[in-house]
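J.: Take a look at the letters that make up each chain.
There are 2 protein chains.
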Amino acid sequence: MAQTTSIPKGTRDFSPLQMRRRQYIFETIRQVFALHAYLPIETPAMENLSTLMGKYGEEGDKLLFKILNSGDFWAKAAGTAWDGLEPGERAVKLGNRISEKGLRYDLTVPFARYVVQHRNDLTLPFKRYQMQPVWRADRPQRGRYREFYQCDADVVGSTSLWQEAELAQMVAEVFAALQIPVTLKINNRKILAGLAEYVGCPDKIVDITVAIDKLDKIGLDAVEVEMAEKGIAGDAWRKLAPVLELRGSFAEKMVYMRGLFAQVPVGLQGVAELEELFGYIAQCVEGLDYEWDLSLARGLNYYTGAIFEVKAQGVEMGSISGGGRYDDLTGIFGMKGLSGVGISFGADRIYDVLESLNRFPADLQSGQAVLFIHFGPEEAAAVQAAMRTLRANGIACDRYPEPAKLQKQFAYADKLRIPFAVMVGERERETGRFSVKDLRSGEQRDMDLNELIVMCKR
Amino acid sequence: MAQTTSIPKGTRDFSPLQMRRRQYIFETIRQVFALHAYLPIETPAMENLSTLMGKYGEEGDKLLFKILNSGDFWAKAAGTAWDGLEPGERAVKLGNRISEKGLRYDLTVPFARYVVQHRNDLTLPFKRYQMQPVWRADRPQRGRYREFYQCDADVVGSTSLWQEAELAQMVAEVFAALQIPVTLKINNRKILAGLAEYVGCPDKIVDITVAIDKLDKIGLDAVEVEMAEKGIAGDAWRKLAPVLELRGSFAEKMVYMRGLFAQVPVGLQGVAELEELFGYIAQCVEGLDYEWDLSLARGLNYYTGAIFEVKAQGVEMGSISGGGRYDDLTGIFGMKGLSGVGISFGADRIYDVLESLNRFPADLQSGQAVLFIHFGPEEAAAVQAAMRTLRANGIACDRYPEPAKLQKQFAYADKLRIPFAVMVGERERETGRFSVKDLRSGEQRDMDLNELIVMCKR
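Protein chains in written order, with the working numbering: chain V, 45 to 502; chain W, 45 to 502.
Please keep in mind that the hints were generated in silico from the structure rather than gathered at the bench.
Virtual Cβ for every residue (Gly too), placed ideally from N, Cα, C.
Any given hint might turn out to be false.
What the hints assert, rightly or not - Once the Cα atoms are required to be at most 27 Å apart in a straight line, the calculated DSSO-like pairs of lysine-lysine come out as: (1) LYS137/V x LYS106/V; (2) LYS99/W x LYS449/V; (3) LYS106/V x LYS53/W; (4) LYS501/W x LYS501/V; (5) LYS380/V x LYS459/W; (6) LYS99/W x LYS53/V; (7) LYS380/W x LYS380/V; (8) LYS459/V x LYS449/V.
Claimed, not checked - Part of the chain V face toward chain W, derived, beta carbon under 7 Å: (9) LEU450; (10) GLN451; (11) GLU474.
So here's chain V without its partners, still in its complex pose (with noise of 0.2 Å):
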């Protein structure tokens, strides 16, 4: 009956010391989304298909994970006429007959759907936060998994743009907190689709950002050449080559934007709306490398306003965190004009961030600060009214299970990292004074519970 054992491609078993870590990131995240009075809702594993197809375009729903409806699927399924269909054709037809639901694919379509489905219940404006796994059907690869986890903080019902001068304070206690030195980069939505528009080709916003994200790389000429072939050349060009050479204060740039946009009122706003957010953030952050980066575009199609990405320094890697504000998100499902704006931390990431950096705290390494070593039953039972004390002391304790060799205890402390070894035989008994080894530094001496206690909280 002997199995091999493994788990599905793409997916992951964390172990104590990777959970510790974990745990560490989430609870850094949830201590400053709760102190900035956003709110924690959780949604199901299992969303409806016809709550999450269409939402994320045509790749995205081939990236949703199915559910096998339960019971007889076949019922339904048999008696369709697919003997005629191509079997790629057949594969989605057959498909949406036998599943009803996915697993959800990120936080933000539930986080609609909840705020629709629960509008009467709701007070406005609405912050919440939710910590939950998503799934994703994706290619499995470096730093990129079917199951991962989305930290999100979203407020829905306010167009103030001190909501997104908050999420840019939350971006400066979380990597604070974590000890991760970082840019927020930001951009607005209604700067880049000025600019397309002032060089007269509106629908080549993403073209147009890429040009300038790779300035720096290729150089003025090599970005000509490509936006070339983009269809963006002649008179076209000439109005964005200065915009791109663009140097200068943020104040002047403010100024030569704001000359830019005399005929472009979309453009106009959106360096009004930049403006007015720089200075919230001047007045209300302290302590965060902050600057407007004209090629942050971000993919997601649905933000109008503000969008913002955080790079760590000094670590190359993808943004650990980003957002933005949009217009209209629970339009989708029928509840119009109601503005959302939205930050997602990246856990993943800012692990793999923290363990380059070796920023991790240390006492993160063993889950438990004492293992009692002892010799007999007598020990063994002995030993629980200190365990208890140091408990109720919030200090996480045990004893090896049961009587062994010292080598042996010694060696399973070792194994599990644990800081402190009590030893406990007739004489720590009778005298209720322990003989304590710190099994880092190989120091040992005698002391009573007490001073155990201030040892293990310093």
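Add chain W to chain V, keeping to what the hints say.
T.: Only chain W this time, still in chain V's reference frame:
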């Protein structure tokens, strides 16, 4: 494009209030697990069907949620000769061809799989806790869901009965922290096996325990009739009846059972284990109501030693926690003879008990202590410094996001059940003193920021 919004039957959205209450339960359990040096792990939501199938009986197999293979799943399935098959048979066969993964059904089988898969990295005994959702395609009904959390702690690789005693300790600590009065019922599978052997019906363990369980409700005569229907009559009944009527102290009962089991080694071993465990519990657990319950059997077949269940006192509700010893859980994955013992806390039922006893802490009512109420852009900005200070002191706060009528801002605070409204106008900005209103009592007075912090922390 408007859509109706709903979620799959048997699943739930959790609102902020429900979430805070659930987090309170989970954190209480997690802290107890961690203080006892159980280590956290997580496993993927999806397991290979080969890992899950055949582990929960035929009925359990049917309750697994299966994931449709990605891509052109039909390509592999087409061509199979199922046109001659019955529809039901065809569904099973087709299901196996188009699905290779399923959602986990519990945390025990994934844990067994984890132990075997990572055996070279584990230090035995391995104490792990795991708190994750599981999914079952059960018929939804009151109190039974298709997605629910399990909170499990297990230890493998130690046969010491101190492990069982520690689980009793954790039961005591969890429910003391949650302020739920409970009774821990303990039995031993070997005693039940011994009893069945003693009356000459070794395959009737379940029928016998059902009889014992019903005695109080229907009386000895009615039980005799029911037992006869199950084939336990004549000599077997004459041997069983006195055990059903067994009364007296724990010690007296043990003496009686030892006599009964003079020729039944497995029964004697069960009695010895129970006595040893009760001795340990007396040494290490304070303030727990626990008892030997001969009628306790628990359904799962893999238990082989101690079994236990926790009942909330004064509430009509099934067990809110349960577990036991299993001698060979990892054997199904080819790793023989690794003894384990574990306990599972039922978060949903604990939630219902806390609700019916009205024992949720009052401060879970709101996620936020303070709302700053302001009159215009100047005050909105001025309030930022105060909010930073409150948050640095661990106090969740917010300001109404835009200038609005006082009434609207107060209504918002009321709806979110925020205890303190702090008014910030021109006078407050000039003097540094705030007008603070306790929205529960209606009391209002002036104070500075330090007084506000002290009041919030009280």
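J.: Would you mind marking each hint as holding or not holding in the structure?
T.: A quick look at each hint next to the structure:
Taken as a hint, the LYS137/V and LYS106/V pair is honoured in the structure, with Cα atoms around 13 Å apart against an allowance of 27 Å. Distance check on the hinted pair: LYS99/W and LYS449/V sit about 38 Å apart at the alpha-carbon level, beyond 27 Å; violated. Between LYS106/V and LYS53/W, the direct Cα distance comes to roughly 24 Å. Compliance with the 27 Å bound is thereby established for this hinted pair. For a cut-off of 27 Å, the pair hint linking LYS501/W to LYS501/V stands: about 23 Å separates their Cα positions.
Using a Cα cut-off of 27 Å, the hinted pair LYS380/V and LYS459/W holds, with the two alpha carbons roughly 23 Å apart. At roughly 22 Å between alpha-carbon atoms, LYS99/W and LYS53/V fall within 27 Å of each other, so this suggested pair holds. Distance check on the hinted pair: LYS380/W and LYS380/V sit about 60 Å apart at the alpha-carbon level, beyond 27 Å; violated. With a C-alpha separation of about 16 Å, the suggested pair LYS459/V and LYS449/V falls inside the 27 Å cut-off, and the hint holds.
Interface hint at LEU450/V: violated, since its Cβ lies 17 Å from the closest Cβ of chain W, which is beyond the 7 Å cut-off. Taking 7 Å as the C-beta contact cut-off toward chain W, the hint placing GLN451/V at the interface is violated, the least distance being around 14 Å. Violation of the interface hint for GLU474/V is found here, the shortest Cβ-Cβ separation to chain W being roughly 18 Å, above the 7 Å cut-off.
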